[in-house]
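Asker: Here is how the chains run, residue by residue.
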Amino acid sequence: MDDFPILSVLVALPLVGALVVPFLKGALAKQAGIGVSVATLALAVVVAAQYELDGGMQLTETYDWIPAFGVHFALGVDGLGLLMVLLTALLVPVVLLASWRETETAVDGNEQGSPTAFVAWTLALESLSLAVFLATDVFLFYLVFEATLIPAYFLIGGFGRVGRSAAALKFLMFQLAGGLILLIGVIGLYVVSAQAGSPSYLLSDLMALDIETEAGRWLFVTFFIAFAIKAPLFPVHTWLADTTGKATPGTSVLLVCVLDKIGTFGMLRFCLGIFPEASQWATPLVIVLALVSIVYGAFVAIGQDDVMRLIGLTSLSHFGFIVLGIFVFSTQGGTGSILYMVNHGLGTAALFLVAGYLVSRRGTASIRELGGQEKVTPVLAGLLLVAGLATLGLPGLSPFISEFLVIIAAFQYAWYVGAVAVTGIVLAAIYVLWMYQRTMTGPTADVVTRDQDLGVREIAAVAPLVAALVFFGFYPIPLMDAADPYVGDLLSHVGITDDPPEVTAPAAAETAEEGEY
Amino acid sequence: MEFTEPALEYAEIWPLIVVFGVACLGILAEAFLPRGRRHVVQVALAAVGLLVALVGTVLVGTNLDEVADGEARGLIGGAGSVVVDGPTVFIWALVLVASLMGVALFAERRLEAGVSAFSGQAAALPGSDAERKAQGLDHTEVYPLLMFAVGGMLLFPASGDLLTMFVALEVLSLPLYLLTGLARRRRLLSQEAALKYFLLGAFSSGFFLYGMALVYGYAGSMDLGAIDAAVRNDAANSVMLQIGLGLLLVGLLFKVGAVPFQAWTPDVYQGAPTAVTAFMSAGTKIAAFGALLRLLYVGFGADRWTWQPVMWVVAILTMLVGVVLAVVQTDVKRMLAYSAVAHTGFLLTGVLGVQASGELAEGQVTSLQAVMFYLATYSFATIGAFAIVSLVRDSSGEATAFDRWAGLGKRSPLVAAAFAFFLLSMAGIPLTAGFVGKWAVFTVAMSAGAWPVVVVAIASSIFAVYFYVRHIRLMFFDVPEADAEVASVTAPSLLTSGTIAVGVLGTLVLGLVPGPLLQLAADAGQFIR
Chain A
0 MDDFPILSVL
10 VALPLVGALV
20 VPFLKGALAK
30 QAGIGVSVAT
40 LALAVVVAAQ
50 YELDGGMQLT
60 ETYDWIPAFG
70 VHFALGVDGL
80 GLLMVLLTAL
90 LVPVVLLASW
100 RETETAVDGN
110 EQGSPTAFVA
120 WTLALESLSL
130 AVFLATDVFL
140 FYLVFEATLI
150 PAYFLIGGFG
160 RVGRSAAALK
170 FLMFQLAGGL
180 ILLIGVIGLY
190 VVSAQAGSPS
200 YLLSDLMALD
210 IETEAGRWLF
220 VTFFIAFAIK
230 APLFPVHTWL
240 ADTTGKATPG
250 TSVLLVCVLD
260 KIGTFGMLRF
270 CLGIFPEASQ
280 WATPLVIVLA
290 LVSIVYGAFV
300 AIGQDDVMRL
310 IGLTSLSHFG
320 FIVLGIFVFS
330 TQGGTGSILY
340 MVNHGLGTAA
350 LFLVAGYLVS
360 RRGTASIREL
370 GGQEKVTPVL
380 AGLLLVAGLA
390 TLGLPGLSPF
400 ISEFLVIIAA
410 FQYAWYVGAV
420 AVTGIVLAAI
430 YVLWMYQRTM
440 TGPTADVVTR
450 DQDLGVREIA
460 AVAPLVAALV
470 FFGFYPIPLM
480 DAADPYVGDL
490 LSHVGITDDP
500 PEVTAPAAAE
510 TAEEGEY
Chain B
0 MEFTEPALEY
10 AEIWPLIVVF
20 GVACLGILAE
30 AFLPRGRRHV
40 VQVALAAVGL
50 LVALVGTVLV
60 GTNLDEVADG
70 EARGLIGGAG
80 SVVVDGPTVF
90 IWALVLVASL
100 MGVALFAERR
110 LEAGVSAFSG
120 QAAALPGSDA
130 ERKAQGLDHT
140 EVYPLLMFAV
150 GGMLLFPASG
160 DLLTMFVALE
170 VLSLPLYLLT
180 GLARRRRLLS
190 QEAALKYFLL
200 GAFSSGFFLY
210 GMALVYGYAG
220 SMDLGAIDAA
230 VRNDAANSVM
240 LQIGLGLLLV
250 GLLFKVGAVP
260 FQAWTPDVYQ
270 GAPTAVTAFM
280 SAGTKIAAFG
290 ALLRLLYVGF
300 GADRWTWQPV
310 MWVVAILTML
320 VGVVLAVVQT
330 DVKRMLAYSA
340 VAHTGFLLTG
350 VLGVQASGEL
360 AEGQVTSLQA
370 VMFYLATYSF
380 ATIGAFAIVS
390 LVRDSSGEAT
400 AFDRWAGLGK
410 RSPLVAAAFA
420 FFLLSMAGIP
430 LTAGFVGKWA
440 VFTVAMSAGA
450 WPVVVVAIAS
460 SIFAVYFYVR
470 HIRLMFFDVP
480 EADAEVASVT
490 APSLLTSGTI
500 AVGVLGTLVL
510 GLVPGPLLQL
520 AADAGQFIR
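Quick note, the sequences are listed as chains A and B, same order.
Numbering that gives the first Met the number 0 puts the first sequence at residues 0 to 516.
Numbering that gives the first Met the number 0 puts the second sequence at residues 0 to 528.
Just so you know, the hints here were simulated from the structure itself, not pulled from any lab data.
Heads up, the beta-carbon is just placed ideally off N, CA and C, and yes, glycines get one too.
Possibly wrong hints are sitting among the right ones.
[Stated by the list, open to error] From the derived model, a few chain A residues whose C-beta atoms are all more than 10 Å from chain B:
(1) G54
(2) A67
(3) L142
(4) Q194
(5) T212
(6) V287
(7) G370
(8) P484
[As the list claims (entries may be wrong)] If we take Cβ atoms under 8 Å as the criterion, some of the chain A residues that face chain B in the derived model are:
(9) F68
(10) F72
(11) A146
(12) I149
(13) L179
(14) I180
(15) V190
(16) G196
(17) T443
(18) G487
With the rest of the complex left out, here is chain A (with noise of 0.2 Å):
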């Protein structure tokens, strides 16, 4: 069973699914795809259950694959990766289910693809995501990472209201350009790795590597442009609420809750772990970069009108407290980010769907145009403010410990930044409350009649999401059993120890304290 190469099972699975799949039709597919979605969540916790908590790379599997340029297949688990790892695996059998209708309708009377295709971009979507928070050979990496893009394009592109194509062109662009730009680095570490003596793309030879300052810093600004874009940062996020906007609520969170997160993740396992001078000569930037895309993104989020839009905007302002707590190189912060990760990934996508219910129902994102369904439809809204709730992060529900944890670290930081960061909590009840009422209270329209509220299956596609916001929400301990060994790693390696508390007393009278204990 050691040399079982489960991994690349798990990687696999969800592949041979998306070749399969186009061949059945109708119902068949779906269910099919809820089929191998399920199996690889749980092939997920198999590999969960197996996962050491002490930290490092655990259940690697490495083969040679292009030798002429040090490429490995090379796959591996840390406390990272297998966080997203299963957030990645609950999240697609969730849309899918979620998304059971969403392609038999047609919305703004503009013609869907076929549902077979949804399910089979969903299924080819998770493999090379699955593959991306795995892989440990920075040429996989890049290549699974590239690959992303093109199920993800024609997810948005085939499915959706009307002026997706465009969306998507744009979404595209600003990925590819982004991941055009992190190839120079990928190019740049194998000169440099060719350099030191032989060429090698694995992550532990990379890591090793004494990279001179000046290169290490070139190839940072790559990774981290790149990452940016991806995340997203401001100013390179305008791709994020038009895409979010035209696309499925199912397609939005898998990709802001799942492609997203390779943002941050690559910013922890490739800038912080390959490049660790550069990432601390780079932070005072980035936590600039990273306030601002908090503030700025509460600030557009509220000044939506479009649903679609609102939710995916707030994404940008929660991905600035991710990035902020990765930078501000601390263990609370470090822990934060990545609990954040997995929450964000949650409470989102509970957001989105319960808000595609919504739009769906009415045909229309636009909040002027909604209101008044808290009468008619309790249910939906409901699990709309609970997810909200998680959203502008209540204590309680999950959201809340991460986020406390990035401030806290931001306050030890500098007191000024985590002052900033602080008013977006304060946004985020404004932008999620406003829309709530405006949504949901109020005179209701004609049109809504009390049949319309939310199905067994929509409830229960929903329902894990809820159910682990309000799990974490009380225990969060089993996220950061698995995140606090690889920070731990992580700070290590960078070479950075927590501060110790500071004591503010004069050294005599701490002296003379200390001798009465």
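Given the structure of chain A, go ahead and fit chain B onto it with the hints provided.
Answerer: Chain B only, in chain A's frame:
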């Protein structure tokens, strides 16, 4: 003066002789066989000839002797005029595979309702009675012409001296000029393209010839090895050398379609019969890059500080002009032509990434290896893409205007998907061959310190992605206007569909497991001086 009979190394150069011999046989067949039988015989001759040559190339490649402490393999034959070394054999194999795919496309007769895509009688005036009479006729001279062009393509990268290189250049070019003018439909466009190609090509040959004379004046020899020795000894009057090299480059850069000598590319690609475009775009590029590499690395390798900056400028201009002009095209064939110009730029990026073998780490990718691999990936994608262009037709023949392609993905999902796949490979999206090729050429340029070129190359790639993806969007997501005529896919015979399948397979396999071919390119070793 005593005459010594030159000894030919038949064991090494026989694939070349087979191709030329079959071309001559083709002419005899054309002269003596009745018209009805010619098509089958000519196709069989060409296909068998190319296959035998391909097998021969593989055999020759496996039996080459190592020289220069294993850094290179092969020998200089034909009294110094033909060099059969590792890179030669690799390029021969590429040319022959591309030619085989080309022959299959030439032989396709189902698309034009039972006749080939070539004019029945090229000499007949468009619109005249003579042309109408020739309408049902089939043109079979194209096969010997193709074989001669292939012969030239094989000789071109194997030339050991400038004179042979010039002869090969003409042997490969003249048949192509003719083939360009033979389209059955849109005769005027085709003839115009042929004339342009011929005039500009003849002009550039003149440059090449003048360059040869100046280099001869400098080095006292046409031999690439002797030129190399002269450059190393730093013989006097290097101005003559530099002007000579510049003029030689004009001739070669014209053939590969580099800026500022790219102007013929879109017109010729558009006007030529699509089968010819497919064959020519791949074959010429492979052969001409082979020759360019040999000229620069062998003849002027010691003088690379002179030509590398020139190549920087040419590569940067070629990439930028190629992608910017491709963005504004509204015709598929012209778009692919400008994309071919951009690919020339990417290949030049690899060419200028040459480093002395001592500067490279053990197992690091060499520029020769990278360029040869890129040529392989590009050939599969471009031949496949043009083969698909020949299938997409409306009432007036091939429909190359963009608006005809709208919604093709809904009408013919398989063909559109294959075309999208080729475009993605050309755009260099991972998991396709094009990505690995791009990675290789960019890496060697970066290793050689040409980072500004690489940055421009990346920027051009972003532009390139835009027009490739825009076309994918057109096929899959755009809805044609209600009353507009749209193109549909005509079912081809196995010849074209097989070619497309080979293209798809090659692009896929080289994208997923590029290791073996890269290793083969590495094993080919260096050029023999």
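Asker: All the hints need checking, so say for each whether the structure fits it.
Answerer: A quick look at each hint next to the structure:
no.	hint	result
1	G54	holds, 30 Å
2	A67	violated, 4 Å
3	L142	violated, 4 Å
4	Q194	violated, 7 Å
5	T212	holds, 17 Å
6	V287	holds, 26 Å
7	G370	holds, 33 Å
8	P484	holds, 32 Å
9	F68	holds, 7 Å
10	F72	violated, 10 Å
11	A146	holds, 5 Å
12	I149	holds, 7 Å
13	L179	holds, 5 Å
14	I180	holds, 7 Å
15	V190	holds, 5 Å
16	G196	holds, 6 Å
17	T443	violated, 37 Å
18	G487	violated, 33 Å
Of the numbered hints given earlier, the model fails hints 2, 3, 4, 10, 17, 18; all others are met.
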